[in-house]
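For what it's worth, this note's numbering labels the leading residue of the first sequence as 72, then goes sequentially.
Be aware that one or more of the hints could be misleading.
Derived pair list, reagent style DMTMM-like, types lysine to aspartate or glutamate, alpha-carbon separation capped at 25 Å [as the list claims (entries may be wrong)]:
id, residue 1, residue 2
1, Lys333, Asp313
2, Lys123, Asp77
3, Lys105, Glu235
4, Lys213, Asp182
Since the hints were derived computationally from the structure, they do not count as laboratory data.
Remember, it's a predicted structure, so these values are computed and weren't measured experimentally.
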Amino acid sequence: MPRLNDQVRELLQEYADLINITGGDAFRARAYEKAARAVGEYPEDVAGLDAKGLQQIPGVGKSTAEKVAEFLATGRIPALEELRAKIPSGVREMTAVPGVGPKRALALHRDLGISSVDELAEAIRADKLSGLAGFGERSGEKILHGIELLRQSGGRTLLDAATELAEQLVAALSAVPGCTRCAYAGSLRRMRETVGDVDVLATAEDSAPLMAALTELPYVAEVIGSGPTKTSIRTDQGVQVDLRVVPEEDWGAALVYFTGSKAHNIKLRTMAVRAGLKLSEYGLFEVDGGAKVVSATEDEVYAALGLPWIPPTLREDRGEIEAALNDELPVLVQESDLRGDLHTHTDLTDGLATLTEMVDTAAARGYSYYAVTDHAPDLVMQRMTDEKMLAQREQLRELAGRHKKLRLLHGTELNIGPDGGVDWPPEFLAGFDVCVASVHSHFNLDRAAQTRRLIRACENPYVHVIGHLTTRRIGRRGPIDVDLDAVFAAAARTGTAIEVNSSPQRLDLRDEDVLRAKRHGVRFTIDSDAHATGQLAYPRYGIGTAQRGWLTAEDVVNTWTWQRLKHFLRKDALH
DNA sequence: GCCGTTTTCGGCCCGACTGTTTTCAGTCG
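From just these sequences and the hints, can you work out the full model?
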């Protein structure tokens, strides 16, 4: 079940979307969007707030507070239900298709009776859109491509939502009497960027109470199937969960089997066969006679195959078994290795929290250094000015003594222009402690131009970090077309770090590209790109991507001490 | 609908891109 704030966020966002689709006042819709975001990121639980308390949330006024209070009291918002009655839910879902906004969704519904993404795809294939005002020859093609993009990740759940769900499930099932072990496995344990379903494994003498506990959870929408060893449900958020219960003595073999990946397991099984053994989810057995060798722990299973334990994030058959055989497994970077965050925002631009709130939260995370990197002026909508930036720097300097162990760095997130230039001239850039530079526009340049602009950004002596290099948004927007190897070579040559952006919507660079970049000798940062205090915890997801890219703490500059990082940030002095 | 060293009305993140137009609407960041 999502946090109550998240439920309210979703309802307010739905209300805003429906206002947009029905052609209501755009500013009113925007006000609800803003309120939705503010509630979602509000650190306190809204459950304990009354209408007055709700109005303390910035962006929530009288009208929104009343609606939320009504929801908290009755579970319903009549104003929302009225709008829902006018517009089928599929019409709103169509606006999730890249290229389809509220106006087009309404036109498609009103003029062609289309009420779902599936019907939309069908109508395009049947050439029913031509002739509709505002839709030309290329529209259908573009929308179909958008639907394709949506479906590629459609049915898959982002890492943060899946992790939160899995942690709740494990907590609930661990509390069931008779449950001796419980953990999540599958691609979530390997920390893939999206997961198709959530696999939970548990041990108990009697599986029935665990199966019953799962099916009775309040957020179960459907029981897909239930037997003595396996139960599958679907949550009200549409995520499938498979629970498997095994005897405690088989825990290790089952955990290996259900963690995967399939390719990793096939390789393990092949190794077993060569040793006269057979590996399954029930254990490692001798082929002759069928005696069980081991199955109680993962350590034992790997050891019996002549291997050290292999971290789940490496189990993709990308050379980890060979490395393990040669005793060359990397010592993977851990979240606890991170000493700071070098890419964060405040409400000076598009963040939700104040500078002080962000700094306090960073201090509570135990960091030794922390950079504020609000947007630079070329991202016009953020309305940055030199004066605002300098005033923030002053404010940050005044906070310097607030947390004794936390060094505050003043930075910015620059915009890499189409030609590779950035927002400010060298003399202004020199005033920052750290500069992240990212692509925020011109996503459709050809490969040569994209490559050129990124290399030029690396060559800028004031650019320390390239942020979210490919600019992809999972399930929403593909990566830009760029020669990554050429950019990695430039980053390595110029001493420019490449970011592993930890936002679950981005996770950019992707794991396999991290691996490639590492081979070029690139250094990395693992940053939150936080726009709210709660998002400062995002590096837990970026760490997964970094581990899947085989990174060690040595590869990641924000695990370094300040003394060492300071040297790295003096890039201009090194050349 | 929200908000105020623009303060109770009148603004509100602005501009580029795309495909459709022939002067612009819709979408997006």
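How the hints compare with the structure:
Restraint check for lysine 333 and aspartate 313: satisfied, since their Cα atoms lie roughly 17 Å apart, inside the 25 Å limit. Proposed proximity of lysine 123 and aspartate 77 is supported: the alpha carbons are some 20 Å apart, at most 25 Å. Between lysine 105 and glutamate 235 the CA atoms are separated by roughly 24 Å; this keeps the pair inside 25 Å, and the hint holds. Taking the CA atoms of lysine 213 and aspartate 182, the gap is about 20 Å. The hint holds against a cut of 25 Å.
Checked against the numbered hints given earlier, the structure satisfies every one of them.
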